[in-house]
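S.K.: Those protein sequences? They're chains W and C, same order as listed.
If you read the first sequence in the UniProt record's numbering, its first letter stands for residue 1, the second for the next number, and so on.
If you read the second sequence in the UniProt record's numbering, its first letter stands for residue 1, the second for the next number, and so on.
No wet-lab data here; the hints were simulated from the structure.
Fair warning: this is a prediction, and the values are worked out from it, not measured in the lab.
Relax, there's no trap hidden among the hints.
Examples of chain W residues toward chain C, derived with CB under 8 Å:
| # | residue |
| --- | --- |
| 1 | S52 |
| 2 | T226 |
| 3 | T233 |
| 4 | T283 |
The calculated lysine to any residue pairs, modelled on SDA-like cross-linking and capped at a C-alpha distance of 20 Å, are:
| # | chain 1 | residue 1 | chain 2 | residue 2 |
| --- | --- | --- | --- | --- |
| 5 | W | K237 | W | R263 |
| 6 | W | K237 | C | A135 |
| 7 | W | K261 | C | D132 |
| 8 | W | K130 | W | G148 |
| 9 | W | K384 | C | P120 |
| 10 | W | K196 | C | G259 |
| 11 | C | K111 | W | A317 |
| 12 | C | K111 | W | G316 |
| 13 | W | K57 | C | R113 |
| 14 | C | K111 | W | Q47 |
| 15 | W | K261 | C | S128 |
| 16 | W | K261 | C | V2 |
| 17 | W | K416 | W | N152 |
| 18 | W | K261 | C | G129 |
| 19 | W | K265 | W | R212 |
| 20 | W | K237 | C | F4 |
Think of the CB as a built atom: it goes at the ideal place given N, C-alpha and C, for glycine as much as any other residue.
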Amino acid sequence: MRTKALSAVLCSTALLASACGGGGPQGASGAGGLSDGKVVFGVLNDQSGAYSQLSGKNSVSAVELAIEDYKTKYGDKAVVKEFGVESVDHQNKPDVANAKAAELYDRKAVDVILDVPTSSAALKVADVAKEKKKLYFNISAATTDLTGKACNKYTFHYAYDTYMLANGTGRNTTEQGKKNWYIVYPDYAFGQDMEKSFSAAVTDAGGTIVSRDAAPFPNTSGDFSTYLLKAPTLTPKPDVLGTMQAGAELVALVKQYNEFKLRDKGVGLAVGLMFLTDIHSLTPAALAGTTYTDAWYWNYDLVNREFADRFKKVTGARPTFAHAANYSAALQYLEAVQSAGTDGSDAVVAQLEGKTVSDVFLRNGKIRAEDHRVVHDAYLAQVKQPSEVTEDWDYVKILLTIPAEKAFRAPSPDCKLS
Amino acid sequence: MVNFLQHTFNGLVGGAFLALLALGLAVIFGMLRVVNFAHGAIYMLGAFGAYVLLTEVGLDFWWALLLMPLLLALFGIAVERLLVARLARLDPLYNFLLTFGLTLILQDAVKSRYGVQSSPYDAPALLSGTVDLGAFDFPAYRVFVLVVALAVCGAVWWLLTRTRIGMVVRAATERPELSTALGIDVGRWVTPVFGFGIGLAGLAGVLAAPIRAVNPLMGADLIIVVFAVVVIGGLGSIFGSVAAGFAIGLVQAWVQALGEHWALLSQVLVFLVMAGVLLWRPAGLFGREEAPA
Numbered sequence: 001m002r003t004k005a006l007s008a009v010l011c012s013t014a015l016l017a018s019a020c021g022g023g024g025p026q027g028a029s030g031a032g033g034l035s036d037g038k039v040v041f042g043v044l045n046d047q048s049g050a051y052s053q054l055s056g057k058n059s060v061s062a063v064e065l066a067i068e069d070y071k072t073k074y075g076d077k078a079v080v081k082e083f084g085v086e087s088v089d090h091q092n093k094p095d096v097a098n099a100k101a102a103e104l105y106d107r108k109a110v111d112v113i114l115d116v117p118t119s120s121a122a123l124k125v126a127d128v129a130k131e132k133k134k135l136y137f138n139i140s141a142a143t144t145d146l147t148g149k150a151c152n153k154y155t156f157h158y159a160y161d162t163y164m165l166a167n168g169t170g171r172n173t174t175e176q177g178k179k180n181w182y183i184v185y186p187d188y189a190f191g192q193d194m195e196k197s198f199s200a201a202v203t204d205a206g207g208t209i210v211s212r213d214a215a216p217f218p219n220t221s222g223d224f225s226t227y228l229l230k231a232p233t234l235t236p237k238p239d240v241l242g243t244m245q246a247g248a249e250l251v252a253l254v255k256q257y258n259e260f261k262l263r264d265k266g267v268g269l270a271v272g273l274m275f276l277t278d279i280h281s282l283t284p285a286a287l288a289g290t291t292y293t294d295a296w297y298w299n300y301d302l303v304n305r306e307f308a309d310r311f312k313k314v315t316g317a318r319p320t321f322a323h324a325a326n327y328s329a330a331l332q333y334l335e336a337v338q339s340a341g342t343d344g345s346d347a348v349v350a351q352l353e354g355k356t357v358s359d360v361f362l363r364n365g366k367i368r369a370e371d372h373r374v375v376h377d378a379y380l381a382q383v384k385q386p387s388e389v390t391e392d393w394d395y396v397k398i399l400l401t402i403p404a405e406k407a408f409r410a411p412s413p414d415c416k417l418s
Numbered sequence: 001m002v003n004f005l006q007h008t009f010n011g012l013v014g015g016a017f018l019a020l021l022a023l024g025l026a027v028i029f030g031m032l033r034v035v036n037f038a039h040g041a042i043y044m045l046g047a048f049g050a051y052v053l054l055t056e057v058g059l060d061f062w063w064a065l066l067l068m069p070l071l072l073a074l075f076g077i078a079v080e081r082l083l084v085a086r087l088a089r090l091d092p093l094y095n096f097l098l099t100f101g102l103t104l105i106l107q108d109a110v111k112s113r114y115g116v117q118s119s120p121y122d123a124p125a126l127l128s129g130t131v132d133l134g135a136f137d138f139p140a141y142r143v144f145v146l147v148v149a150l151a152v153c154g155a156v157w158w159l160l161t162r163t164r165i166g167m168v169v170r171a172a173t174e175r176p177e178l179s180t181a182l183g184i185d186v187g188r189w190v191t192p193v194f195g196f197g198i199g200l201a202g203l204a205g206v207l208a209a210p211i212r213a214v215n216p217l218m219g220a221d222l223i224i225v226v227f228a229v230v231v232i233g234g235l236g237s238i239f240g241s242v243a244a245g246f247a248i249g250l251v252q253a254w255v256q257a258l259g260e261h262w263a264l265l266s267q268v269l270v271f272l273v274m275a276g277v278l279l280w281r282p283a284g285l286f287g288r289e290e291a292p293a
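Chain W with its partners taken away, still in its complex shape:
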């Protein structure tokens, strides 16, 4: 508090005004031009752990594709001529994310940080972005706090959040007649947030939460059998087991769900958060019939497929929605810089706020000015039966499109941007 007051006093003196502006340390935010003469992206994510396949190094490739497309589109008229991409492993640790984000902004001249899976780490980076007055597009973290009490002027939440997942899967499954739910969630910020969102969506749609269990996180033994044994013995018997586990824990839980034959015992499976890479590793056979909410699917239409083909050429894999969203965020950032004629943070934010956008990832997209939630169409997806899978990586059919205005929550009163 005291330092804030002090800096305000200093800033009010005309001499120092230029050093206290909204932009970068070089004061590039003012009249125009680029700080350091180029735009540098900082891809901060998990590059060795549980989330390194769904985002990881391939997110960097996605950003590079966006740079390529920007160059092709604007050619000689491009405001940005030079580009840099810094990529850092935050190991899913909030403290590491915090330190690395500050380092990216301060010492690597990064203009915008992208990706950042793991909610706890994502929230730390939002604080850094706010303090340094630099842009931050969160892609891979799910917490609604990014557009709630932790929202700020420089942070945008791009791809999805727990509300989108819960509303899509929880509401639609309940409305289809599976009213009794048993929820198992990992006992940390993401899981707790997911459990709350799902419970609210299910109850709101007329369903009941029969029971809920917090599983240890990280689950050192990789065993979920206790909950799977318990599920069919509950009264009333749950119609559906809702799992909020992610990554390797989801893989273990689904394996054991099949092992305990819960589908045969009348307990269906709904997955809170699932990525294409999870289905690939579990095989569609293990998940056949499971419903979940997807923010984007690579084989949804020809536009997506074309992007997926380019992505595969570079990475050897099909893109998850997180990869597509990284591409889209990098592209929209460059578009905003192009329109603003500068990479000064405040000018770019002004370009982005309230903008309606459509690209490969964003369908009916809009960057909400109120809370910086990027809203777009979402999809209720179902894993295909093995007999329906005709192409590698094409594991899902889209049951319905959830329109952008219904897919995300209304701006939260907790969010005060300025």
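Given the coordinates of chain W, assemble chain C onto it according to the supplied hints.
M.R.: Frame of chain W, contents of chain C only:
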């Protein structure tokens, strides 16, 4: 009551993995005084090996169950001869660091080849159903895991208590200097015992492949719990490590079944028990104070 029996049985299955891993650690520590940090990585290699045998060689689960423990035991023997033996005369800390380094190398080698995403692996068709245990049904594969683990632990117990080899190993474990002084060639048994312990970890890994997520980090989290189990049982105590393995598996299953907010406790429980046991009996439940050198 039926629920309680189910959770009890399930706890024994969870304990079976802990027991197999702890048993391997215990025999290695007993014979070599090496705390083998690489045990978790070997468990991972067992599971991954099963996956690789299936996808790249076309050998199914039963072959993996036979081959992987043998291959890994050979790997263990090579590691002991080439690396561990060279540091045997130094402070035990050096071998601990060696095995820690080995863990990082093995994990990252697998990671760079297969990525961190879990690899698919199914239970063999023969065991994919359920078994009627009277009061309740249980997945056949889990019953199989428990039977194998009990059989292996029983066989090791028989080997150690009823055979001449076992007698030598026990003598060497409990009083290495005295055994040497009595003319027993302790050194001869060091390498095979190390290989055997490693083979057990490999076996646990193959058994885990069909029901747990097969990825390079699967052993990294588990090994910490297994160390706690070994400490509870008593470092180097073979019976203690097996008993503690099953006991921790049971208690974890019971606590987890209690309800929503017991998860955290079930996770820290093993360490609470460890701290308690260390305060009460520093050598572990079945361990013996080291004779002063």
